[in-house]
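Trainee: Let the hints inform the model, and build the full structure from the sequences given.
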Amino acid sequence: GQGVRLVPAVAPVEVPGKGWLVVGAISRGYAWEEDDATQRPVWSHHINHVFVLLDSSFQAKAVSPEFCISGETRPGHCEVVQALSSLLVEEDRIVIGYGVNDCD
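Just so we're aligned, residue 162 is where the sequence shown starts under the working numbering, counting upward by one.
Calculated from the structure, these hints are not laboratory results. A virtual CB, placed ideally from N, CA and C, is assigned to each residue, including glycine. Any given hint might turn out to be false.
Here are the simulated lysine to aspartate or glutamate pairs, DMTMM-like style, with alpha carbons at most 25 Å apart [as the list claims (entries may be wrong)]:
| id | residue 1 | residue 2 |
| --- | --- | --- |
| 1 | K179 | E252 |
| 2 | K222 | E175 |
| 3 | K179 | D253 |
| 4 | K179 | E233 |
| 5 | K222 | E240 |
| 6 | K222 | E252 |
Between beta-carbon pairs, the in silico distance windows are [unchecked claim]:
| id | residue 1 | residue 2 | range |
| --- | --- | --- | --- |
| 7 | V242 | P177 | 31 to 37 Å |
| 8 | G178 | N262 | 18 to 24 Å |
| 9 | S218 | I255 | 18 to 24 Å |
| 10 | H207 | V256 | 24 to 30 Å |
| 11 | S217 | N262 | 24 to 30 Å |
| 12 | Q220 | V242 | 19 to 25 Å |
| 13 | V176 | E227 | 32 to 38 Å |
| 14 | V176 | A244 | 18 to 24 Å |
| 15 | P177 | N262 | 24 to 30 Å |
| 16 | G178 | H238 | 18 to 24 Å |
| 17 | N262 | S218 | 34 to 40 Å |
| 18 | G178 | E233 | 27 to 33 Å |
Mentor: Rendered as structure tokens:
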């Protein structure tokens, strides 16, 4: 059936004096193999992301509101395929490397 799954999208990055920052991907839907008795998910869709701040023992201290990446094809709407590839913390800003639709 349908499920919600949170998985790390990028490796944790240390934020001096605060802990570790990671971005998690939340998948809310899956495409299933029709002829497979185990009904394994083939790919996921309806993906949002959250920032998670971890303490020194990697326990969650804070979680941001969900966000998504919108592309040029549908401004203001979450792209079905979105992947975060890198995370950089510079002083007071966060830089994220990402792709949408496996092409942008």
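Trainee: Starting from the range 18 to 24 Å, see whether the pair V176 and A244 falls in it by beta-carbon distance.
Mentor: With Cβ atoms ~23 Å apart, the hint holds.
Trainee: At the C-beta level, are G178 and E233 separated by a distance inside 27 to 33 Å?
Mentor: With Cβ atoms ~38 Å apart, the hint is violated.
Trainee: At the C-beta level, are N262 and S218 separated by a distance inside 34 to 40 Å?
Mentor: holds, 38 Å
Trainee: Taking 19 to 25 Å as the hint, is the beta-carbon distance of Q220 and V242 inside that range?
Mentor: violated, 31 Å
Trainee: Given the range 18 to 24 Å, decide if the beta-carbon distance of G178 to N262 lies inside it.
Mentor: violated, 38 Å
Trainee: Holds or violated: K179 with E233, Cα cutoff 25 Å?
Mentor: Answer violated: K179 to E233 is near 35 Å, above 25 Å.
Trainee: So if I understand the rule, the pair passes when the alpha-carbon distance is 25 Å or less; does K222 with E252 pass?
Mentor: With a Cα-Cα distance of about 20 Å, the restraint between K222 and E252 holds, given a limit of 25 Å.
Trainee: Between the beta carbons of S218 and I255, is the distance compatible with 18 to 24 Å?
Mentor: holds, 22 Å
Trainee: Does the Cβ distance between P177 and N262 fall inside 24 to 30 Å?
Mentor: violated, 35 Å
Trainee: Holds or violated: K179 with E252, Cα cutoff 25 Å?
Mentor: Status holds; Cα separation ~12 Å.
Trainee: So does V242 sit 31 to 37 Å from P177, Cβ to Cβ?
Mentor: holds, 34 Å
Trainee: When you check the alpha-carbon spacing of K222 and E240, does it fall within 25 Å?
Mentor: violated, 29 Å
Figure legend: structure checked against the earlier numbered hints; hints not met, in rising order: 4, 5, 8, 11, 12, 13, 15, 16, 18.
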